[in-house]
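Protein chains in written order, with my numbering: chain A, -14 to 324; chain B, -14 to 324.
Don't read these hints as lab results, they were simulated from the structure. This one's a predicted model, so the numbers in the text were calculated from it and none came from an experiment. Keep in mind that the hints are not guaranteed to be accurate.
A pair holds if it fits inside one copy or across any two, identical chains being indistinguishable in the list.
Simulated pairs of lysine-lysine, PhoX-like, Cα-Cα distance not exceeding 20 Å [to be verified]:
{"no.": "1", "residue 1": "K128", "residue 2": "K249"}
{"no.": "2", "residue 1": "K163", "residue 2": "K241"}
{"no.": "3", "residue 1": "K128", "residue 2": "K241"}
{"no.": "4", "residue 1": "K295", "residue 2": "K128"}
{"no.": "5", "residue 1": "K241", "residue 2": "K225"}
{"no.": "6", "residue 1": "K241", "residue 2": "K28"}
{"no.": "7", "residue 1": "K241", "residue 2": "K217"}
{"no.": "8", "residue 1": "K249", "residue 2": "K180"}
{"no.": "9", "residue 1": "K225", "residue 2": "K179"}
{"no.": "10", "residue 1": "K6", "residue 2": "K28"}
{"no.": "11", "residue 1": "K180", "residue 2": "K23"}
{"no.": "12", "residue 1": "K179", "residue 2": "K163"}
{"no.": "13", "residue 1": "K225", "residue 2": "K249"}
{"no.": "14", "residue 1": "K241", "residue 2": "K23"}
{"no.": "15", "residue 1": "K163", "residue 2": "K28"}
{"no.": "16", "residue 1": "K249", "residue 2": "K217"}
Protein chains: 2
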Amino acid sequence: MAAENQSQTSQSDLPCVLILKPPPSFALFGDHFLDSPKFQYLKAYESPLPLSQFLHTHAQSVQAILSSGGAPVTADTIRLLPRLDLVVTTSQGLNHIDLSECRCRGIAVASAGTIFSADCADSVVGLLIDVLRKISAANRYVKQGLWSSQGVYPLGYKLGGKRVGIVGLGSIGTEVAKRLEAFGCSISYNSRTKKPLAPYTFYPNVVQLAANCDALIICCALTDETHHLINKEVLSALGKDGVIINIARGPIIDEKELVRCLVKGEIRGAGLDVFEHEPDVPVELFELDNVVMSPHNAVFTWESFEDLCKLVVGNFEAFFSNEPLLSPVALDHLPQFSG
Amino acid sequence: MAAENQSQTSQSDLPCVLILKPPPSFALFGDHFLDSPKFQYLKAYESPLPLSQFLHTHAQSVQAILSSGGAPVTADTIRLLPRLDLVVTTSQGLNHIDLSECRCRGIAVASAGTIFSADCADSVVGLLIDVLRKISAANRYVKQGLWSSQGVYPLGYKLGGKRVGIVGLGSIGTEVAKRLEAFGCSISYNSRTKKPLAPYTFYPNVVQLAANCDALIICCALTDETHHLINKEVLSALGKDGVIINIARGPIIDEKELVRCLVKGEIRGAGLDVFEHEPDVPVELFELDNVVMSPHNAVFTWESFEDLCKLVVGNFEAFFSNEPLLSPVALDHLPQFSG
């Protein structure tokens, strides 16, 4: 009993990290993966109180927030928390956090950094090969027992020699380029500014990039500028032999227009990990063999999840020990991607 | 009429290339893709005669054979054709041709050479990423509308850092190694002899290779020595976290044993383009999400098919013009692979 009391006392003395909604990883693994002896979690979603009331009640305790893509950190939330000094997100993308408000208040932000870049780039290549070479569709064909009754399966397209255009040459875009070079693809890119060290052709706008590539890979962050960046004009420049891959954020593409192009055969195919209204996916895509989809899990593997847990906990522990964050976000220089 | 007669006369004077069964590409594209003004085809499969009688009838005409994986060129066939001097196969694999008989008779053999190596290597990477990252399975999940109702999908495994073991470091194996290095995999291999120039770890036998890798890639030729090379012992050395990819020939793996391992979870998954009794596929595999299959089309794309047609016709034309073959097979040094 004495030990229990002592534990309770020391527990309540620990600094508080607010969680608005459980990150997706909690559902997969339980929440003890992010436990630490150096801080405690305050779980808003476990309280019967409405959020604003919950925040009022704990306003003086919350020093940090653990955030994830599905749980926005709005200016309203931030304003209710006068002692908030840190937001750590389990994502590489930051579009769910009001960064201006953080900047004004001097609140530090830490992200998943480049932890997902390799997995994300692997997914890009996997989706691209799948769409070009019809791997998922052929797998379905074989598993339906059609090979022996219906014979040869329609040919796919070669990856080698394809012109690949990358939108957003950040850490993921760079990893994608490195991989696709090994397949004999030629790489070009568009980003806000030309990268002096990148050995790839730069196109100052996305329409030009799309007009000069066979596969367009979306790796940029979702911002006001990139919302619906991939619109009718871009898709039309990509053309009927073009393929598009999106592992960044759904709203970067005008999804309605993309669906129309895919249904009409105005582009050759798509590999999509993200959607405008996740987890809702346009039903028109369900029947299309030239569309390969994944449920926003391009960033995640067992191995990267383990790395992420260490990074998230490490960021909070560093912060509460007055040490430098492990993966701080420079709020004036937002990264190219969103993972 | 005069022109037609003339055409018929000159057609019948052209040297004869026997086709026993139409190559798979004929079914896809029609047979005019391999036409040439310099020779004519004699199509055994279009004649009502039994094969031996057909061969007797045309014994003095046949100077060459166009062969493919599905149409064996046996010693019996060869012996019925005293003027046969050349066999051209549309495959990289040669296991359907009696090479000893060709060697004895001084019959030249030409193959698809390395035309399929890049496509094959791309398929290996596509299948490997698919199995590890569950791309086909996740695609099915999304297309069945399960994402919004059932939530997050089970995590896959990271490709980066995996130890990849290649069985047969020929042209395809080498292309696979080149690609997977760009993903951060470490490469080792087994082949009949150590390759002095290959910068990868050599294991003198397949069991050792399997025991030291996370993914085993089968890229060797099917010969008497490699038949059922991948047996219970090798699969057990690969172990429950191991993945196997086969784009070479079905009978290199003891398929019954592989199916048992997959059903029992004794290996993690498989990507299979080839099977022991194609086009029949073990039905036990139809229900397994960790098995991705393609209908022996890893070698083929529109682009490589076009290259193949040029090469096949080019080989015959060179031969009938007494020029060197474009892709001769050195019968004393059979290549590592089978495509």
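Results of checking the hints against the structure:
no. : hint        : in the structure
1   : K128 - K249 : between (27 Å within a copy, 19 Å between copies)
2   : K163 - K241 : neither (32 Å within a copy, 39 Å between copies)
3   : K128 - K241 : between (31 Å within a copy, 17 Å between copies)
4   : K295 - K128 : neither (40 Å within a copy, 34 Å between copies)
5   : K241 - K225 : within (17 Å within a copy, 43 Å between copies)
6   : K241 - K28  : neither (37 Å within a copy, 51 Å between copies)
7   : K241 - K217 : within (10 Å within a copy, 51 Å between copies)
8   : K249 - K180 : neither (36 Å within a copy, 51 Å between copies)
9   : K225 - K179 : neither (28 Å within a copy, 46 Å between copies)
10  : K6 - K28    : within (8 Å within a copy, 69 Å between copies)
11  : K180 - K23  : neither (41 Å within a copy, 54 Å between copies)
12  : K179 - K163 : within (18 Å within a copy, 29 Å between copies)
13  : K225 - K249 : within (10 Å within a copy, 44 Å between copies)
14  : K241 - K23  : neither (47 Å within a copy, 54 Å between copies)
15  : K163 - K28  : neither (41 Å within a copy, 48 Å between copies)
16  : K249 - K217 : within (13 Å within a copy, 49 Å between copies)
The structure does not agree with the numbered hints 2, 4, 6, 8, 9, 11, 14, 15 stated previously, though it agrees with the rest.
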